[in-house]
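> Now for the letters of each chain:
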Amino acid sequence: MGKQGHEERRTTVGFATALFLGAATTVALTAWTVGSAARALFLAQEEEIIPVIAGSDLDRLPALMRGNRLADTTSRVRGQEPRLKPPRMCEMKADYYESLDRGDDQVAGYTRRNGYVRPFKTRRGFLDEREMRAAQVAWHYFDKFTQPETGLANSVGNYPSTTLWDTASYIAATVAAYELCLIEKTEFDRRVLQLLTTIKGLELFRKEMPNKVYHTKTGEKVDYTNKPGEIGFSALDIGRFLVWMRILKNRYPYLGNTIDSTLLKWDYSNVVDSEGVMHGAFVDSDTGETVYAQEGRLGYEEYAAKGFALWGFRPVLAHRAEPFLTASIFGVQIPYDGRDPRIFHSQNYVVTESYLQDGLELGFDMPYDDSSPEWLHSDGWRAEFADRIYQVQENRWRRTGFMTARSEHNVKGPPYFTYDTIFSDGYPWNTVTPRGDYVPDHAAVAAKAAIGLWALWDTPYTDALFDAIIELYDPENGMYEGLYERGQGRVEIFTANNNGIILTSLLHKVQGPILTAYTGETEVWYTAFRDQDIREIRNLPDPPLEKDWLPALRHSIQTEADY
Amino acid sequence: MTPTLIKTLGAGVLACGVTALASSGPLSAQTVTTEPAGAQAFSPENAILNTAIPFSVGAREAQQALRGSFGWATFQEGLVQGSYFRFDPDGYARFSPSPRLDTDVFEVICRPRTYVCMARKGPMTLTLSSTGQVQLKLEQSTTQDQFFLNDGFAELQIPARIIGTLDQQLETLLGSGGTLVTRRNGNVLEEVPLTGFPVVTAYLRWLVARQDYAVLPTNWPVPRTGGPNPDALTQPVNWNGAGRAVAVPVAVDPAQIPADSDAALPAEQAIQDVNSAANMPLAGTNPAAPSDATLAALQAEVAVLRDMLIAQTGAGGTQMPAAFGTASPLNSAPRTHWTRDPSLQSDLLSLEQELGAMTDPQDPMPADAPPAMPEDFGEEARHLHYLTVSMGLDAKTALMILQLRASDESLIETSDPPTAVDLLSGLTPALPLPSDMAVQHAAQLESSRSGSASGDDYQPLTDYFRSLAN
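As given, the protein sequences belong to chains H and G, one line each in that order.
Here the first sequence stands for residues 1 to 563, numbered as in the working numbering.
Here the second sequence stands for residues 1001 to 1470, numbered as in the working numbering.
Source of the hints: derived by calculation from the structure; they are not laboratory data.
None of these values were measured; they are calculated from a predicted model.
Just so you know, not all the hints are guaranteed correct.
Sample of chain G residues at the chain H side, in silico, Cβ under 7 Å [claimed, not checked]:
id: 1; residue: 1073
id: 2; residue: 1075
id: 3; residue: 1100
Just so it is clear, CB atoms sit at the ideal spot from N, CA and C, and this is done for glycine as well.
With the sequences and hints as input, model every part of the structure.
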């Protein structure tokens, strides 16, 4: 029994050992097999890796070479048809508008990508006789008040002074005059080239950016008294100017080098910071030092930010609507800037103009969008806010009888300028001077606002606005600034901004959004100074890639009247 | 003083005379249009005010948020005597009891590049005459209408001559507030609140006087320092009002001088110098003692000016601009005529004498001591001296108070300023008496003042509680 038991124990141990060895062998064989297979698979995968080609998207290019890259736009990234420049009005076929996609079957509201389809349609078509006459008269302002010495146009009538904002209005007028066949290419080129040459030669504010004001006869930088001196620079003015530089360059590529070399002279190191905030500059009266301060409020800020973004900058914060609040006026939630004027010492005027400019010039689109149809606005909330700005003015007309198209405008005599607002300082329909006086007598139907609304909102109300304004002109001086709300007649002053926006509105009727796609390849703007440190010193941007695009956002939509 | 300077001063006086004559037309005609001439009137050359020089205590210069260069970069804002105000370098101003400047607004507009300004509120317009007096116009009213001052309780009829140039009493009356009511055939034609009237008239005078504080009313809160040249504006420690103050040469920013007035600039400067000299504090009235050198220079200037004026009298002479002969509303009207009449010469002579007295080393009066009272002054004179020097009242008001004191002791006891009824009674004896309501109110007030409570009218509190306990 003892011997037999001992043998059985030995047999069991031997079996277990054999089993263990067998299992170990099996695991080892399996591991080897899997490893070999994985290795084979891995090696096979390596064969399929796309090689990084120099200069391709996968190539992390050094700064020296990044300028050669093309900027990403929707047409390139999504393979869509770019929005090309329409023909001049006199070169359009008679049936040109019949084939236009007006988005008639589209449902109003936000899209998946936060684009927005408006419930309103823009006006499109050839100009009729009245409109053409208004265009001619508006252009006459620039014909009369452009200084032959410099090619700069006066901001206000005979007063020989201008800003980049108003110079952009002059460029807008020149583009419109050419596209509406009021002038020919010879005249267009002469004016634009002289202007750009002058701008390139302007003495900058402390060798940084263009001064806020220049004398139009001499081209000297001046102070607020139009005497030689300096004030600072305005990020808003520069932003609008950049919008029109991009429009010029995209529409007329032969001007590209001139435009690029003009803009390359400027130092952008302070105007847009790393957080994407825009800063203006002024001179401290006590120390004489340059002071940089955030500039822009809801409406103008986003419009100007898009101007910078069109040139590769990334003003992320400036482009956002926040911080904003709303005020209920005639049932419409009117957005206004939420920064407290008592703390930030900057008023939050709600006027029509900045929304008009965004719609007319940029089609309420994102800066990188060069391909979406006219009825789809990729900068969705801007279009939706603009609709509110329109609606509240129509509502006021319907409820009170006051024809309303409010904007900032000049007036003849003191106080010379008023912010004729939809909302400001906590009050609706507040007309105030820059120093803060409440001046309701200066409330007016602003001509530029009326014609701009007419172009972007095809409604019976804007028909009424059009009839009130379109014959409000002096053949010798241009379109009047507006029509006083309280019956004092016309606002008898003539300005570049008013006439420029009116021409832009008329051009929009003919051609749609003014900004078109860039059809060139690389740009000097991006390739220049690559072998030096100038780009870094002046904060010159690289061509924006898709990852650099400003975010397209949406805000809650008002679905019913709020009283 | 060098001969060159003498020539300059002389030429300056002459040039200013010409300037004054040229400008006296528009001033006296007062044909100010509501809109400036020209299609677009803005021009930096229109600046006539330096917004850095405060109009009153607490006023400050601020920047305007301009979109372009068409407009003024700076303005001044403040609060004085219940009126908020803002004004631009071209004189354009708004006054209102509301900080938003949105209700009951007085608006002042000046003809470009001139000191011809007009204040308006509704149908009422105010301008200054060549003698610095306020001229009032009402759009639809004529002297055939009846005018009333409504203070919310009663309505006082006032003479029709308010349409036109106001004398001091009428101006004081309108400055007391209330509403100016115009009636035609018993019906109300126009109503204009007079809120801000004294502030606006003070502003008009200050503006015409090139921001000279001497023209402001006695009780005006004039800043001690401020402006582009604080040293020039610094006043003695106990200097507390323009009524006892002197014209201070205000530093004029050359940028603020109209471009087309370059030729007149030396003359204006000369006049300012003269103005300063002529208005130097008299002995015993200025607590600060000027230096001997300053006094000597002033004496020399006065002597030269006297000689020049005498010489010009024989040669046709000139007239000084009204703008430099500024008037405070109540007490400075006699100074508004800078003519070559003998009174000016005698003033200058007396000024010389006073200056001589100031430089007298034997004068024991310390610079900051209160002015000495002549021994032969009577009680009334002493009282008058007290009111004018210690209280800071102007002579007219002080006299009025003395007269009122003499006529009605009770009124003096209350120390109230003269009422509209008092002023009116002096103004228009022919006018009907104030409305019955006002008379009754005054009678009630009088009776309530005169009625004195006797000891029987009171009950001690202990007696009261004792009566309750019983």
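> A closest beta-carbon separation below 7 Å is what the hint needs, so does residue 1100 (chain G) meet it against chain H?
With Cβ-Cβ at 5 Å, under 7 Å, it holds.
> A closest beta-carbon separation below 7 Å is what the hint needs, so does residue 1075 (chain G) meet it against chain H?
Check passed: Cβ of residue 1075 (chain G) comes within 5 Å of chain H, closer than 7 Å.
> Would the stated hint for residue 1073 (chain G) survive a check requiring a Cβ distance to chain H of less than 7 Å?
holds, 3 Å
Every hint from the earlier list agrees with this structure, and none is contradicted.
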